[in-house]
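Visitor: Listed below, chain by chain, are the residues.
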Amino acid sequence: MKLPTTFVIFFIFLLFLASPAYGIEKQHYPCKDFVFYFHDVLYNGKNAANATSAIVGAPQWGNGNLTVFADAFRFGYTAIFDDPITLDNNFHSAPVGRAQGMYFYDSKKIFNAWLGFSFVFNSTQHKGTINFIGADPTTEKSRDISVVGGTGDFFMHRGIATIMTDSYEDDVYFRLRVHVKFYECW
Amino acid sequence: MKLPTTFVIFFIFLLFLASPAYGIEKQHYPCKDFVFYFHDVLYNGKNAANATSAIVGAPQWGNGNLTVFADAFRFGYTAIFDDPITLDNNFHSAPVGRAQGMYFYDSKKIFNAWLGFSFVFNSTQHKGTINFIGADPTTEKSRDISVVGGTGDFFMHRGIATIMTDSYEDDVYFRLRVHVKFYECW
Amino acid sequence: MKLPTTFVIFFIFLLFLASPAYGIEKQHYPCKDFVFYFHDVLYNGKNAANATSAIVGAPQWGNGNLTVFADAFRFGYTAIFDDPITLDNNFHSAPVGRAQGMYFYDSKKIFNAWLGFSFVFNSTQHKGTINFIGADPTTEKSRDISVVGGTGDFFMHRGIATIMTDSYEDDVYFRLRVHVKFYECW
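Protein chains in written order, with the UniProt record's numbering: chain A, 1 to 186; chain B, 1 to 186; chain C, 1 to 186.
Each hint should be verified, as a subset may be incorrect.
Copies of the same chain are indistinguishable here, so a pair counts whether it falls within one copy or spans any two.
[Stated by the list, open to error] In silico DSS-like links for lysine-lysine, alpha-carbon gap of 27 Å or less:
(1) Lys127 to Lys32
(2) Lys32 to Lys181
(3) Lys108 to Lys141
(4) Lys127 to Lys46
(5) Lys127 to Lys108
(6) Lys141 to Lys127
(7) Lys32 to Lys46
By construction, these hints were calculated from the structure, which means they are not laboratory data.
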């Protein structure tokens, strides 16, 4: 086959227009994705041995009590956590990593949280970390936060994590299902 | 027109050198930009009904009082907020979204803050979130923070937000003008 | 030299496959890198003049005391800092910028922290900011966090920062060596 060179140039030019270099078309399907669960057991004054998170900040109206929420939607209550990550929704499954960071409630009118945390993996399957931040309007069935970076196996990755509350019990336990979708892999 | 193939190859090679793939040239003009204002009314012990933010952490020298700042530059005072976003600088304009997150003051010598927050939109105009972090040296007229990710309409976007203090009143109210400039759109 | 056009097309096609546009190959060597040190002097109740950081949050079991850690691994203790950055490991060297942000300890069983902070530069050498988040398992000699964005000289940069504890003294002072490696420059 022999094509006219002019055609070749035009074809190449079209390819360039379509390339991310020119911001016109980027893939909207993940280059990698994973589903994980993590389990949060909040310190309530009686469960020191089992708790994986604790309130460390609260507004004035909490009167310095960090084990009971002073109001319905927990505005301002800030928790630090080190939660086990599992591959299924069973709290007793072997952890494959740790979810470490903070969340705080940030609405006076509904259940709304904000998250800043990392997934930390150090197993034969995954080594490295994934870093997340974003708003978590917990009353919505499914919500998206940003995957802002990664290290190790997830070197420089970016993406979106879709979060669902998989279980919620007695103000002490919740389980989140996290669908990590990387759209930028390296 | 018929060009020598050698020339074509050379031309293509130059195009590649100029492409982000090789980190040499990226566009420095926004692919999208917006101006928003958000309004912060800090809880001072008397304005529970109107307050949109509250101090939830302070250093030891604050003696547990989270409604009065113990020192001039508020070092260590940490606030959680859920502030209305408007399109103009009028506090009474209809909100188009919420700015949700935290700020804390982090200097003993000047007014300096650090921000971690999201813009949350759920209207016909915008659906999705934009996530921000960065240093906010409030004594400078204009300062830049990072737009580290987005979801929904702002899927995977990155950029810079230029922040200006548009109003500041009596330790209780401030209004920020936020010029969100996306340089990476998807 | 005259190559068959078919060959040219095939060659161009290969180049495209290798381009980041198609997520297959991205450079894993930094486009820029720097080594910095920053110095943290934690407020302990007696060093108000020298302290560069202060605890602003702690769990209930800390009983409101923010100058003494209630347990071995400091779970939940949250510090705000404004630390000098130097080019070498000497605390008395002239600062070239400030590291501003927060860290908190997030494990009940080992020394583990989480970081959210910015490097702020305003000198003839560097003007701009670099924004970081990530898990900091301080018991490991070297650990990686994400560089999630930058402004000014570091406009839109992304990368990895490799952190090492360069010194640790008496619960009051630590020095971190930070190797900032940008893999995405603009």
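Visitor: Work down the list of hints and note, for each, if the structure agrees.
Guide: Consistency of the hints with the structure:
no.	hint	verdict
1	Lys127 to Lys32	both (15 Å within a copy, 25 Å between copies)
2	Lys32 to Lys181	both (6 Å within a copy, 24 Å between copies)
3	Lys108 to Lys141	within (20 Å within a copy, 31 Å between copies)
4	Lys127 to Lys46	neither (34 Å within a copy, 42 Å between copies)
5	Lys127 to Lys108	between (39 Å within a copy, 22 Å between copies)
6	Lys141 to Lys127	between (30 Å within a copy, 16 Å between copies)
7	Lys32 to Lys46	neither (41 Å within a copy, 51 Å between copies)
Violated hints, in rising order: 4, 7; the structure is consistent with all others.
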